[in-house]
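K.L.:
Chain residues, written in single-letter form:
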Amino acid sequence: MADKRMTLDQVVGELEDGMTIGIGGWGSRRKPMALVRAILRSELKDLTIVSYGGPDVGLLAAAGRIKKLVFGFVTLDSIPLDPHFCRARQDGKLIVAEYDEGMFAAGLSAAAKRLPFLPIRAGLGSSVVTTNPDLKTVRSPYSDEELIAMPALRLDVALVHMNRADIHGNAQYLGPDPYFDDDFALAADRCFVSAEKVIPTDELTRGKPVQTLLLNRSAVAGVVEAPNGAHFTSCYPDYGRDETFQRRYAESGKTAEGWREFHDRFLVGDEASYQAEVTKLREEAA
Amino acid sequence: MSDATRAEIAVVACAELFHGDGEIVASPMGLVPQLGAKLARQTFAPDLLLSDGEAYLLTPESDAGQKVIEGWQPFKKMLDVIVPHGKRHVIMGASQIDRFGNQNISAIGDHSRPTRQLLGVRGGPGNTVNHRTSYWVPRHSTRVFVDAVDVVSGVGYDNAQKAGPAATAFHDVHRVVTNLGVFDFETPDRSMRVVSAHPGVTLDEITANTGFALDKSSVTETRMPTDEELHLIRNVLDPKNLRDKEVRA
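So the protein sequences, as listed, match chains P and G.
Residue 16 in our numbering sits at position 16 of the first sequence, with consecutive numbering throughout.
Plus 286 on top of the position in the second sequence (first one is 1) and you've got our numbering.
Derived by calculation from the structure, the hints in this document are not laboratory data.
Treat the hints with caution; some may be incorrect.
[Said to hold, decoys possible] Subject to a maximum C-alpha distance of 30 Å in a straight line, what follows is the list of computed DSSO-like cross-link-like pairs (lysine-lysine):
| no. | chain 1 | residue 1 | chain 2 | residue 2 |
| --- | --- | --- | --- | --- |
| 1 | G | Lys531 | P | Lys113 |
| 2 | P | Lys197 | P | Lys208 |
| 3 | P | Lys208 | G | Lys362 |
| 4 | P | Lys197 | G | Lys363 |
| 5 | G | Lys373 | P | Lys68 |
Owing to the predicted nature of the structure, the values given are computational and were not obtained by experimental measurement.
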């Protein structure tokens, strides 16, 4: 079996301008933030981002990397709105495809099943229909119901962050919610997983239910060990959200100087220097 | 009993939304709706299911602080099963709402370049065509109650009708509760009607703060909380009185 270990920058080296990239997690929860930071250090541009959006979308939007955003919401959870995303929208800098949360799930599921679309009720009668002029309906062959035909959200690459993985790509979540990371993985040509810890295969289920194994190795092209790699989003049970840091991030969205200061302090160096700055900030606050 | 605050009256009005719902998932967004759902479950609607806002369904004992998990409801299950299956009643917020119950939480202005980006449509389109939906507006004003919403996140009666049988089959915008009163859409053309004004609120005040004409043919007064309800709100469900931050006294 292949050893799929990679570095963050090696993963980003596999990405190309203009790609459609799905980002796992949900809002400000278990986002592959170390991989997002690695994208910010690269020159990648014109990305189509598909995400249940949180600060992953905010950071990429602030850095001007997103050409098109496919989303149902963008939120920081404990802070309702992401200021960077809001600014990018209000400045007209994003092409968007905005869907209902359930339509988004149906689109990923269709892609994972290699279907062109899945029928869904959600979306009917709403602005989702008018703001997505390509969206079509499908008539039931069994009744008079006409439903939304949610197109497959096919991805070039998916990026997800898990609690544990082995070197072959078997990956595990240990918190209360898998989110949609399995669908992201299967909707993509290639999925890269960052994990808090890479451990031997026989340790994955030691004292843990087998249902925690969300991804098997056939769905995973590369594995990165990235401790604290979801920071500042939550990654239960390893850690909760860093609310102090998130507030600082949200503050940075208020002015151009704020963003530059945040960017230059936290996002210019490598992941180790990011984590060192985070630790330093925590000590400053204590 | 007469010393009930406006926030407490609003909590009870939200609780009343769940009358007769039975054994379904109540999904209240915002503090006053959450208190209302818990109050309903502690009194006349004991079979309601309530989550912690994340992946766990918690028993009524949990409302008083002792967390007891009775079920698992991760987001995927919510969107794949719970919402489409329909055994759910959501109370959502609304940045804008119009006379046929269309709601906007997505963006203000032109969708391609909004003057103010909000959350996005979230689950509004799916909620409104799949199961009973109510709204909570803590500050009733002409900015919220507008002639036409900028983005239709939650589907109102006119738009459901236009979208056909699949949209109307389970569409059920039940009520709107605000800091001023309770509203529904039980009129011949399914436009908004005043059900009740909260004690101390005049119809003129409601009219002046609403950007469209309301049906006022059968207005009552919102009922006051009972002693038991006040006890539960003040001593069990919200001892820190966070409700007064959402609704000014």
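K.L.:
Decide, hint by hint, whether the structure agrees.
P.N.:
Do the hints match the structure? See the list:
Taken as a hint, the lysine 531(G) and lysine 113(P) pair is broken in the structure, with Cα atoms around 47 Å apart against an allowance of 30 Å. Distance hint between lysine 197(P) and lysine 208(P) is fulfilled; the C-alpha atoms sit about 15 Å from each other, no more than 30 Å. Among the hinted pairs, lysine 208(P) with lysine 362(G) is consistent with the structure: their alpha-carbon atoms are about 21 Å apart, no more than 30 Å. At most 30 Å may separate the alpha-carbon atoms for a hinted pair to count; lysine 197(P) and lysine 363(G) meet this at roughly 27 Å.
For the given pair, lysine 373(G) sits about 35 Å from lysine 68(P) by alpha-carbon distance, which is inconsistent with the 30 Å threshold.
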